[in-house]
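Those sequence lines, one after another, are chains P and X.
With my numbering as the guide, the letters of the first sequence map in order to residues 1 to 642.
With my numbering as the guide, the letters of the second sequence map in order to residues 1 to 175.
Think of the hints as simulated: they come from the structure by calculation, not from any bench.
Hints may be right or wrong, so weigh each one.
What the hints assert, rightly or not - Here are the simulated lysine to aspartate or glutamate pairs, DMTMM-like style, with alpha carbons at most 20 angstroms apart: (1) P:K586 x X:E120; (2) X:K84 x X:E120; (3) X:K26 x P:E308; (4) X:K26 x P:E380; (5) X:K127 x P:E308; (6) X:K26 x P:E375; (7) X:K127 x P:D588.
Stated by the list, open to error - To list a few chain P residues with every Cβ distance to chain X over 10 angstroms, as calculated: (8) M1; (9) V84; (10) S283; (11) I296; (12) T311; (13) V321; (14) V392; (15) P418; (16) K424; (17) V440; (18) P442; (19) I572; (20) W576; (21) F628.
The structure displayed is predicted, hence computed values, not measured ones.
C-beta atoms are modelled at their ideal positions from N, C-alpha and C, and glycine is treated no differently.
So you can see what is in the structure, the chains are spelled out below.
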Amino acid sequence: MIAETGLAALWLAAGLAAYQVFLMVLALRSSVEVARPMRGVAVAQGMLTLIAFAMLLLVFARSDMSVSLVFANSNSAKPFIYKVAGAWGNHEGSMLMWVTILAIAGAFVAFFSRRTGERTLAAALGSQAILALGFYAFLLFASNPFARLFPAPPDGQGLNPLLQDPGLAFHPPTLYLGYVGLSVAFSFAVGALLTGEVDARLARAMRPWVLGAWILLTLGITAGSYWAYYELGWGGYWFWDPVENASLMPWLAATALLHSINVLAARGALKAWTMMLAVIAFSMSMVGTFLVRSGILTSVHAFAIDPERGTFLLALLAIYVGAAFILFAWRGASLKEGAPFELVSRESGLVVNNLLLSVILGIVFLGTLYPLFVEALTAEKLSVGAPYFNAVAGPLALVLALLVGIGPLLSWRRERRPVLRQLKVPALVCVGALVITVIVAPGIGILPRAGFTVAGFLLAASALPLANRNPFRAPLATWGMVVAHFGIAVALAGMAANAAFSSERLAIAQLGEALSVGPWQVELVSVTPTAGKNWTAIEGELRASRGSGSITLTPETRYYSDPPTETNESAIETFWDGQLYTVIGKQDPSGAWQLRLWWKPFVTLIWAGGALIAFGGALALLGRLLPFLRRRRHPEWRRGYA
Amino acid sequence: MSRGLRLIPIILLLFVLSGLAWRLIKPADTAVPSQMVTRPLPQFTLPAATAGQSGLNSNDLVTGRPRLLNIFASWCVPCASEGKILQELRRRGVEIDGIAVRDTPDALSAFLNRNGNPYERIGSDRKSEVQIALGSSGVPETFVIDGRGVIRRQYIGPLNASNIPGVLRELEQMR
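Chain P extracted, bound-state conformation:
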């Protein structure tokens, strides 16, 4: 009954979404007042998808093997948390989660949004419903998550052991929340293009969604990077893998949108460009979902290739993005650009930021899809890897990071104050960083050295917007910006340190043998078999020391039984100045063991920086939402806008 309830809720939600589209057409073609029913229907639709998703969680939690999806992706021997997480660790479940988050976001917009005009809101909720309808059709006709098996098999087939990790429980939902936040920006943009009301009010309505989506994407990428780092056992934090790029591209577009939307909100300028970015940011989310779920690009995150699902997603992508682009070409001309600005101004600084981010986005997009196009046109096979991305996107990212230190100091419209004079301290830090790296490490590459230099500059410059005023009276949004920009400098310093100073040792060691890596002496003490709930493993005991004292690390190689897979569980020890990263591999015929050891100075700064960037975003979001929540208590305000 549980599965059937879920399916029924899904059908009802799809029906309500269709009704929303009807209401939208009514609102656009006549002056009928539809806002009130529209809000109600959107909220009901959100509730129904939530019920459907709760039912899916329930069948997974109960290991109901008569549901085909549970049978294929779960096993009664799995720990409970992974049983529940298994609900979205597969194609059908993840699509249901997508549409659930989409519909709930729609419900929130319907419930809280008072900033735009009623017609624009109706149009935005209508386009949100159109997005949802595509996914409902997908779920109901092509990949029903509630399909039954008869007779019910005794036990399930399990879940890819690489995904049996706490990261799985949170990584995809975080990214999906981010993608769906961008869908709200998309819907607002489409709604505003339809009604022609592209103005500062729209930007303020969109901004919390873009900001929220951007925070989650930042967290998702940071966490995903750390997951790849410790779970894949290759010691790297970013592989320029197509699936990683699929999450980076929406982030780049969202970052650009986040900055241009401020120009629209504050000055009423960059209207067409901001609408375009809102469409592109969501398009990139769709492209990302398509690339991951269709499995058409070769990736370490191997998903099965399924042409039918891929075709469906590609058709949705074509319809949504194509329609939005056509709408843009048709209505974009009627947008009047807002207040003008001069060459040296906050606005032009943000335009440069947008241009650089867009170029980097283009580089990543091109690099990700280039092999596909070359093969389509010439039948030649090639792959584009880290050397291309680092060489082309790296320098641009450094230029951008340098400008991040300067842009926030400029004032709106035109700059009259001598900004360069404020930059004395950052310039000194920057030169200092350069001199120190030349003295301490004369042999490092040009990109890491430039990374240290720019990071030094930005570490100092990012705090300047708080330096000329009482920091405790500065708005929370300014604090958010400062923290996020500081986080960029921290992450950059970590990347440069990792690139410049990592030591690596791949060796075969007998028991009792000691190896050196960086400042460390690592001894292989013993190797013992161990077992967990659904795996067996060999566990190495390593004793590591530098100078006085020693620590013990226990890397494992695990063998999972259902399905049979082998994974490396690296053992990582974190110190204030870096991480010692160890992996144990196979035994060779002579009885010695493969060991992979890394010493990675200050590598943790990369993820600390990512977390700071997201935290800065959260501060800014809080700064935007607090006044709004406070004002909601005043009835006269509500009467004025509602």
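Guided by the hints, dock chain X onto chain P, whose structure is given.
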């Protein structure tokens, strides 16, 4: 912005969509064929994988008649679906030997009872050594061996119904 400029995104989108659609229709061929194709079989001797069926020696495969060598395992889900196809080939007179990779006698017997047993001999390759020597990187894979013990062709992944005529034709040509 002129209308022409605003049409650029649509043109780019069409370009990207057509590329993605092409890849969907023609999925990338990621299988890397074995370097052993066109070379003689490596020498090996494998013990019996189940009670009541003999093991496999590389000389068993040099019989003067072309035959198939199927690499499989009881823990491999696609192998189970391949069972029907191998049965059909067997019914049409194709001789098939098997190598069971990292398997146990009990699990293998249960697998053969469930999915049928098209094999004349099954060797047990507990450590994947022979599998690696053959240049096979996964299960299931099927090698076509000619009468002199030379590897003629490698099928990566499970055979399906559409492969049957091709396999029969190849074996016929080698006779």
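Hints violated by the structure (numbers, ascending)
1, 5, 10, 11, 12 and 13
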